[in-house]
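Residue numbers (the working numbering), protein chains in the order written: chain S, 1 to 207; chain E, 1 to 333.
Hints are computed from structural coordinates only; laboratory data are not their basis. Note that the Cβ used here is the ideal one computed from N, Cα and C, for glycine as well. Treat the hints with care, since some could be wrong.
Under 8 Å between C-beta atoms, here's a sample of chain S residues computed to sit facing chain E [as the list claims (entries may be wrong)]:
hint: 1; residue: 171
hint: 2; residue: 173
hint: 3; residue: 175
hint: 4; residue: 176
hint: 5; residue: 177
hint: 6; residue: 182
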Amino acid sequence: MAPSHRTLAGEITKGLLVENPVARLILGICSSLAVTNTVINGLAMGLAVIFVTVASSALVSMVRKVVPGGVRIATYIVIISGFVTLADLFLRAFFPDISKTLGPYVPLIVVNCIIMARAEVFAAKYPVVPSIADAIGMGAGYTWVLLAIGAVREILGSGTILGYTVLSEKVFTPWTVMVLPPGAFLTLGFLIGLINYVTMRRARKTR
Amino acid sequence: MADTVEDVKEASGAGEKTGIVVSSSPHVLTTENIPRIMYSVVAALIPAIGVSVYLFGLRALLLIAVCITGAVGSEYAVQRLRGKPVKAWDGSAAITGILLALTLPPGFPFFGAFLGSVFAIVIAKQIFGGLGYNIFNPALLGRAFLQATYPVLITTWVEPFASAWGVDAVSAATPLALMKFEGRLSPHMALFFGNVAGSLGETSALAILAGGLYLRYKGYINWKLPLGYLGAVAAFGGIFYLINPARYPDPLFHVLSGGAMLGAWFMVTDMVTSPTTPSGQWIFAVAAGVIAVVIRLFGGLPEGVMYSILLMNAVVPLLNRWTRPKVFGEAAR
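One chain only, chain S, in its complex shape (with noise of 0.2 Å):
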């Protein structure tokens, strides 16, 4: 029971921009807000929180007629659960300093908003190949914001991106603010922003 008039990219891009988990549907702030000091740290959580979503996505879509409606939440925190250990202890045997700087972030990705939403309004009720997609746009577009924000935090508070040196403390006093909390909020708060003014133009020209 496909939708018709859906296509598999328009699946993949919804992610990206009008859907976008954080941005749009304000879902996984936590982690959000926690692991984007610098640019590195939003890779490895949105590289990771990719993997889980998929990898849960398609899993629950596979076995989505035979669990029991009753049942279907605990369900799908065994299955994220499941993939969520992977990911952490991949990240804790080949990435050990992203692992421990990350800390308890990671485990925290089973109770990440957005894997749960999808699968409960997306996985739940499409096939596999459509729900894969539906993860990988939203997985892209959770990794994007956690990119910029992580990049604009650690510009300006470190002066830095990727751990290069783009601004030179000789020039510019960094800004402590943005590598502690109210600089994450306030990167989001502008970039929730942007995207409104954005989706807001372009709704208007298309009317």
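Given the coordinates of chain S, assemble chain E onto it according to the supplied hints.
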């Protein structure tokens, strides 16, 4: 009131033929308006500005000018961008700029001061909807942003009369920092006249008092607010002084040092961010004073005036609702 009737006639567009004006109340209007009040506050700040220039040199004046430019300029820019009527010249943005500058150290970089004043207007005031809609005092929020942004620069102080430009001067500690970290008290007379290290406009209690009393005389500030704030600072600080005079400073020191005076007369009394009900004003001012002393004596920072006022700003809408006076004849709830 002849011009008032003309105004009403013009505004309603009626009465052109008959000469009779039909309008809703109020019918008697005051001559007060926003620019008049705002520029009176600017006038009240002139003694503090004068003392800051006398103590810290011409650089102080430049710092104030940079902040006014940043505040008025960004107010103008935001109002143009939002397509709202441009009222950047009504003086409210200028006050924000001056007050922000008066809370900065004399050697603070110009770019940082500009950034802080833009933040104060754009984030703390215009994003909430502009004058009258802001929850927090814009100047204080601008300073809180600068405190988090440049934690080292904003706590680098210089002695008064050290240098006309303030940058090559020997760094010094404020009376509150001396009290907190070294247990040394500054003389009261120096605190009263302002001959101590500190932010531009906060050192001289006398100059601030002159401006504050002028505003009180004009009726633009409510006496409950500064009195409640300073009274709470003195009383609550006094309790600890009575318990252990060797360890805690005396009440007069609390009132005269740091930003207590500037905060009490010009920031607690902000018409927009203070409660409107009489009992709400008492609660607001007294609680802020207690918080300031708690931060000073037991917090990590030597000074707590800024955060005390900002914290209480946040609960002003609740205070207004909670302390709403009963209308005459209203049944008890």
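Each hint tested on the structure:
| no. | hint | in the structure |
| --- | --- | --- |
| 1 | 171 | violated (10 Å) |
| 2 | 173 | holds (6 Å) |
| 3 | 175 | holds (4 Å) |
| 4 | 176 | holds (6 Å) |
| 5 | 177 | holds (4 Å) |
| 6 | 182 | holds (6 Å) |
Checked against the numbered hints above, the structure violates only hint 1.
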